[in-house]
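Trainee: Protein chains in written order, with our numbering: chain A, 6 to 309; chain B, 6 to 309; chain C, 6 to 309; chain D, 6 to 309; chain E, 6 to 309.
Bear in mind the hints are in silico, worked out from the structure with no lab data behind them. Values in this document were obtained by computation on a predicted structure and should not be read as measured data. Among the hints, a few may not be true.
As the list claims (entries may be wrong) - Mimicking PhoX-like on lysine-lysine, the simulated pairs with C-alpha atoms at most 25 Å apart in a straight line are:
no., chain 1, residue 1, chain 2, residue 2
1, E, Lys-88, E, Lys-208
2, A, Lys-208, A, Lys-88
3, B, Lys-208, B, Lys-88
4, D, Lys-209, E, Lys-115
5, E, Lys-305, A, Lys-88
6, E, Lys-209, E, Lys-118
7, D, Lys-209, E, Lys-118
8, E, Lys-208, A, Lys-305
9, A, Lys-208, E, Lys-305
10, D, Lys-209, D, Lys-88
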Amino acid sequence: MIVKGKRDFPGALLMFHGSALEQIWPWILASALISSLLTFGLEHIWTGLNLTTTPFTVVGLALSIFLGFRNRACYDRWWEGRKLWGRLINVSRVIARQLITFVDGAPADKIPKINRMLAAYPHILRQALRGEDQVADYSELLNETTLSRVVASRNRPTMLAHIIAEEIRDLYRAGHIDPLHLPAIDSSLTEIAGIQGACERIKKTPVPMSYTELVHRIVALYVLALPFGIVEQVQDLTPVVVVIVAYCFLGLDAVGSQIEAPFDHDPNDLPLSAMSRMIENDVLELAGETELRAEVTANKGILN
Amino acid sequence: MIVKGKRDFPGALLMFHGSALEQIWPWILASALISSLLTFGLEHIWTGLNLTTTPFTVVGLALSIFLGFRNRACYDRWWEGRKLWGRLINVSRVIARQLITFVDGAPADKIPKINRMLAAYPHILRQALRGEDQVADYSELLNETTLSRVVASRNRPTMLAHIIAEEIRDLYRAGHIDPLHLPAIDSSLTEIAGIQGACERIKKTPVPMSYTELVHRIVALYVLALPFGIVEQVQDLTPVVVVIVAYCFLGLDAVGSQIEAPFDHDPNDLPLSAMSRMIENDVLELAGETELRAEVTANKGILN
Amino acid sequence: MIVKGKRDFPGALLMFHGSALEQIWPWILASALISSLLTFGLEHIWTGLNLTTTPFTVVGLALSIFLGFRNRACYDRWWEGRKLWGRLINVSRVIARQLITFVDGAPADKIPKINRMLAAYPHILRQALRGEDQVADYSELLNETTLSRVVASRNRPTMLAHIIAEEIRDLYRAGHIDPLHLPAIDSSLTEIAGIQGACERIKKTPVPMSYTELVHRIVALYVLALPFGIVEQVQDLTPVVVVIVAYCFLGLDAVGSQIEAPFDHDPNDLPLSAMSRMIENDVLELAGETELRAEVTANKGILN
Amino acid sequence: MIVKGKRDFPGALLMFHGSALEQIWPWILASALISSLLTFGLEHIWTGLNLTTTPFTVVGLALSIFLGFRNRACYDRWWEGRKLWGRLINVSRVIARQLITFVDGAPADKIPKINRMLAAYPHILRQALRGEDQVADYSELLNETTLSRVVASRNRPTMLAHIIAEEIRDLYRAGHIDPLHLPAIDSSLTEIAGIQGACERIKKTPVPMSYTELVHRIVALYVLALPFGIVEQVQDLTPVVVVIVAYCFLGLDAVGSQIEAPFDHDPNDLPLSAMSRMIENDVLELAGETELRAEVTANKGILN
Amino acid sequence: MIVKGKRDFPGALLMFHGSALEQIWPWILASALISSLLTFGLEHIWTGLNLTTTPFTVVGLALSIFLGFRNRACYDRWWEGRKLWGRLINVSRVIARQLITFVDGAPADKIPKINRMLAAYPHILRQALRGEDQVADYSELLNETTLSRVVASRNRPTMLAHIIAEEIRDLYRAGHIDPLHLPAIDSSLTEIAGIQGACERIKKTPVPMSYTELVHRIVALYVLALPFGIVEQVQDLTPVVVVIVAYCFLGLDAVGSQIEAPFDHDPNDLPLSAMSRMIENDVLELAGETELRAEVTANKGILN
């Protein structure tokens, strides 16, 4: 996520990294070259070919509405991803609180052990969502048995949540949790399962491919055909118009694509590393630990 | 669901299977032929007929907005279908966890039996949603009595959920579930009933027919009448313009239609088979079974 | 709800019953006549009057956006109505399950009696929503006392839900329901109250009248004034353009109006009769009854 | 809320009271006068000033989209207000039911007393939302102590809900409510607090002022400047075009404003009086009272 | 939040403070100057350069839709922020009520102490959201131990909520809360954690930077290039058109930006100070305290 400075009008104009331009400049360049060639050809060789501007007005409208719709869908995915991690922050704090409120008389090392599992969970979920495998990032938070069970499983976050549930069950069977209060903790664990499932949904199910290809094809067709429609009126400036229009349509398409998969490493994606560390520190602080790892900070204006 | 490769700009342009073009090319061809004939006729026989471009701008706008609205409605149905199956994944994991947390002292084969029912449920629901009848796909997961009750019933997934509820009730009456914890399991069963009901709703209630027919009629009318509006200006290139416009409007209409019924077998529909198998394996693994069936993988880039 | 056949491109073009055209053809005819007279007048009598096309482009745009907004609002009402009846299907199944899970040792005829009340509820709600009064449709499901209390009350579905609650309370006071489990059943009854209230809301509160009248007035003004804007360019074909534009705007308005009140008897309204019967059969089958009334089927392609 | 008759096409065209026209006719008149003067000036004095229609097309588009957005926001407020009162209807019925189901052996006058408080609550909330102070409307439903505590408090509906909670607590402490069932009633009281808070939110927080002023300014600028853009083409008919455009934009703005504050007394606002009386009668009827006040009916087609 | 007077049509036209104009007038001025220079240049030096109006119509459309989308996203953030604080008002009242209903026989000073913590909470949350540090604003509501623990912590509102949970746990362990009722209070504390987490999400995660920069760049490009497209038609009035268009696009952009961060101090931001004080007074009044601090009132028409 880009965090540098205030996003005032003039400053935002000069940004390159993380902007749509960074991604689309090769296509803009290509459209400049092709439209220049076409303009030359239409002015000197195939004179008289004129599609007029009517199709471009009508199709431009449909395309704009469709781009707007796709942007909305991508933005909703990104914002839902952020909400899910917000709920993960909340439920981690809530479980830490419930362990204090509802558990009574447990062995001294039991609660800290569960808290450290809770602190490891966001790291494991993040790595699953990003396709990473850096066990060192959380290995100190788990004991050996737990670590080996987690690493060996098909779905690591599910397995860790399962082990936490087993710990809770053991506390309950040992009489440290009132049977009346077990359902409250159980519903917090259900919340974690719900968050993880929804994150996996966003990761595994992109916007339907047919939407993406149709919007790409119409944009390409539009930009390629535009010189045929305007060269009689605009003449030598035709490539300028094509570049302006291409920048707008390709740019609007690109900003949507950038956030379609919000758990990736693009500059505008969600700062999962920072949020994982924050959850870790929140939970460990509530558990009374004092040596915390440093918060993740922005690197060159981008929080990872 | 189409999963092959990255959806970069150039790659998406070359795709055919699963794209809108696969579905609409006959209509595009027809519009090319008809508009060519009309162009010939308007240039040489019925000269002087000119609707001008005004109606096409105004109607094109209303049509675009309406197509955008219909696309949004279809996308929402598709995404809600995906959310429902995501919730089914979650609640299956949750019930498997609740059986471990809340059930105490049950006969050794009881919990695995219920877990195998949970593993069979998504297959039965999928077949009901797709109108299939392949009992072999889940017959090994159920014992004979259960299987025959399920197969004989009016609504198979409802009956299986009902049998699971009976099993839970028997565990409760035999004293293996604390009366305090029965409501938590009951609300998980209510969640399954809610998911199934919502899936049936999406399957049985398409977008109102009057929307579909109106949008089809306006598109057809638009494409047919377009030559009368532009032939004076565009002349011989009229069919080119008609084809471009027809591609856009028919394509936008088609991508919506493709995902309107998200549980069908279209390339962009939801991968219910893969998700059913995943739920099966998740639940059986948590139940300690080690021989799992292979995950469903994509076939020619399409996950079923 | 229209269910006949597949909604393929060519088939949908030939449909009349349930389409927008069925509703708006008198207005289309009127606009054809009036615009023909105006065209004649403007060409031969009041020559020189020309509003140009500018106001029609600008107003057409605002009108399209507004029609799209109203369509969205109507569609949301229709879809919410469908969701509510889907929830009614679910909660009926859930209560039937809860009666099996949570009730223990009740007199043999008690549960079937409550199940028959549950089976009667959707019929009574449907009739309240549609302003019907066909007691015969559900009289066999209720005993005489209940029937007379229901028929005599100000709000029949509320009264039946109230009587069901009394039955549940009697079961509880007689010791057949654990006090721990009463809240779960109570929250199912709350769900029924919520569904009924929301259905009444949709029925009693249409889209604000000022929206409806404004959109009608602008459409009428637009179609009436259109000849003044295009007759200089389009000349004798003016009525054709007017008819095309009128068809689009009136049609888009009509499809919204058709589903604004989703519980009525329009061809595109919700099939409440079929859903009531389905709930009845679901509940009675779970209660072990074997003689069920036939499912409601589509009549001339329309499910009621 | 306007309820008179069916909202068919011709009928709606003749309505004045409650329509947008009632509110905006002075501004339409003003725009007619000013544009007539400007037209005269531009044709005879400042000839040659021509902004062309381009800015009006582009700005008209942005304005339409923005008006559509603001209308959506206002409609959402209105519809949320209606949903909240629908939930108040539900929760009143639910509490009345819970008092019957969960309370056992209370003194004979206790339940009716609480029911009468529930019947008074919507009147007090309505008056708070409308800034009214008509104690007579509910004074007969409350005993003297309660009435004086309510009237003296900073926030009357909060105080009444608080007193109801005290009554419930007293019933519980006297042993008439199982401790297991107190949370169910408590969550109904939480629902009332949530409804009241949301109503206060809608009342106290209008759409941001900057939206309202920007949309008003652009509309005013647009209508004032329009003659400069079209007078060369439209000439003497310029004021007609201005009036048509002004009617559309001012009308779309007005219908949004009318329902922005849905608890006021505008013709399209919500019928809080009728709903309050309905809740009163529902609750009192369930409590066995037979002398009910008459339902509120529509006055000149408007339900208050 | 701007509260002064009624927002009638003429009044809103004259407002400056808090309007979009206050923020964008330097850019409007700049666009007037630059377009004047360009107009002069294009009329006298670089004659013949003409982009025509086509690109501006097409791009203007895409830009309008995109601005509408961004406005919607910003408005949703603002309105969600308001809803969150509305829920904070509700849950504060609810906890105050639950302390009365569920707590029995606690020491006389215990409940008031917790109530005063509840009264301090919104002030601490507000200061965290606004980056302020005015301990004096709430120091009288907390005893010394609590105050020092709160001030010393990494996240002050989390710590205070944690201390409240400890107090509740102590009441429970001392036997003043039925174990049956602890979950109800616990879920209210979960609600507070959820509200705080969601507020932090809105504060820390703005609309993706790539959206902001793309929309700024297209607006800047559009306004700069506009003279090249219209100078042949509009000639000397070109700067007037540019200013009108710039006002619309920059204004629409500005109203969105103003409310993107709804917890800041902009005139249109949420009145957190007033709402904090209201919660404080509501809770203290219910706790029986009579000396309340004055409500926060609007200053120059703006409620802070």
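Trainee: Indicate, hint by hint, whether the structure satisfies it.
Mentor: Hint-by-hint comparison with the structure:
1. Between the alpha carbons of E/Lys-88 and E/Lys-208 the distance comes to roughly 14 Å, so the proposed pair stays at or under 25 Å and holds.
2. Under the criterion of a C-alpha separation no larger than 25 Å, the hint pairing A/Lys-208 with A/Lys-88 is consistent with the structure, at around 14 Å.
3. Distance hint between B/Lys-208 and B/Lys-88 is fulfilled; the C-alpha atoms sit about 14 Å from each other, no more than 25 Å.
4. In summary, the hint linking D/Lys-209 to E/Lys-115 is not supported, as the alpha carbons are separated by about 34 Å, beyond the 25 Å threshold.
5. The hinted pair formed by E/Lys-305 and A/Lys-88 fails the criterion: a straight-line CA distance of about 36 Å is larger than 25 Å.
6. Proximity of E/Lys-209 to E/Lys-118 is assessed by CA-CA distance (about 32 Å); at most 25 Å being required, the pair is judged violated.
7. Restraint check for D/Lys-209 and E/Lys-118: not satisfied, since their Cα atoms lie roughly 30 Å apart, outside the 25 Å limit.
8. Of the supplied pair hints, the one linking E/Lys-208 and A/Lys-305 holds, its CA atoms being roughly 21 Å apart against a limit of 25 Å.
9. For the hint linking A/Lys-208 to E/Lys-305, the alpha-carbon distance of about 49 Å lies beyond 25 Å, and the restraint is violated.
10. For a cut-off of 25 Å, the pair hint linking D/Lys-209 to D/Lys-88 stands: about 18 Å separates their Cα positions.
Hints 4, 5, 6, 7, 9 from the list above are not met by this structure, while the remaining hints are.
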